[in-house]
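Asker: Construct the complete structure from the given sequences, taking the supplied hints into account.
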Amino acid sequence: MYNPRLTAHTGGSPGKPVSAAAACVDERTGNEQIRELLRSYGLRTSLIRLKVIDALYSAQRSGRSIGVRGVHAQLEQLDIPLSFLSVREVLKRLCAEGVISLGSDKCYSLEPEARAVLEQALPR
Numbered sequence: 001m002y003n004p005r006l007t008a009h010t011g012g013s014p015g016k017p018v019s020a021a022a023a024c025v026d027e028r029t030g031n032e033q034i035r036e037l038l039r040s041y042g043l044r045t046s047l048i049r050l051k052v053i054d055a056l057y058s059a060q061r062s063g064r065s066i067g068v069r070g071v072h073a074q075l076e077q078l079d080i081p082l083s084f085l086s087v088r089e090v091l092k093r094l095c096a097e098g099v100i101s102l103g104s105d106k107c108y109s110l111e112p113e114a115r116a117v118l119e120q121a122l123p124r
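Just so we're aligned, residue 1 is where the sequence shown starts under full-length UniProt numbering, counting upward by one.
Mixed in with the good hints there might be a few duds.
Said to hold, decoys possible - Cross-link-like lysine-lysine pairs, in silico, DSSO-like; alpha carbons within 27 Å at most:
no.	residue 1	residue 2
1	K106	K92
2	K51	K92
3	K106	K51
FYI, nobody ran anything at the bench for these hints, they're computed from the structure.
These numbers were taken from a predicted model, which means no experiment stands behind them.
Answerer: The structure is reproduced here in structure tokens:
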């Protein structure tokens, strides 16, 4: 199955397979930046926080707005088994800590400072 997230991070193109090793290296780089972001806000790293922030960043880079249902659906497509309530609680916590913000359209986005931390090393 084609995974646009892996293609975007590794510079591949649709239909062109990405090696597992290349995807793993890029995911580690991306995860390290997200870990640094969480540390800078005084938050512990967890798998769900990593995945939620990655989903928000991916959506924002592609110019899409995304709400709780969108984040949850994106994680389900990646076969990440998280409940809707867990995703919602993580989004609320990240919002309370100032990492993300909730717009009037009920969509979440990274705060400019948080996005700047991620863009220091993540490929575009």
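Asker: Each hint: holds or not?
Answerer: Now for the hints, and whether the structure bears them out:
1. K106 x K92: Judged against 27 Å, a Cα distance of about 12 Å means the pair holds.
2. K51 x K92: holds (15 Å)
3. K106 x K51: Satisfied, since the Cα-Cα distance of roughly 19 Å is no more than 27 Å.
Going through the hint list in order, the structure satisfies each hint without exception.
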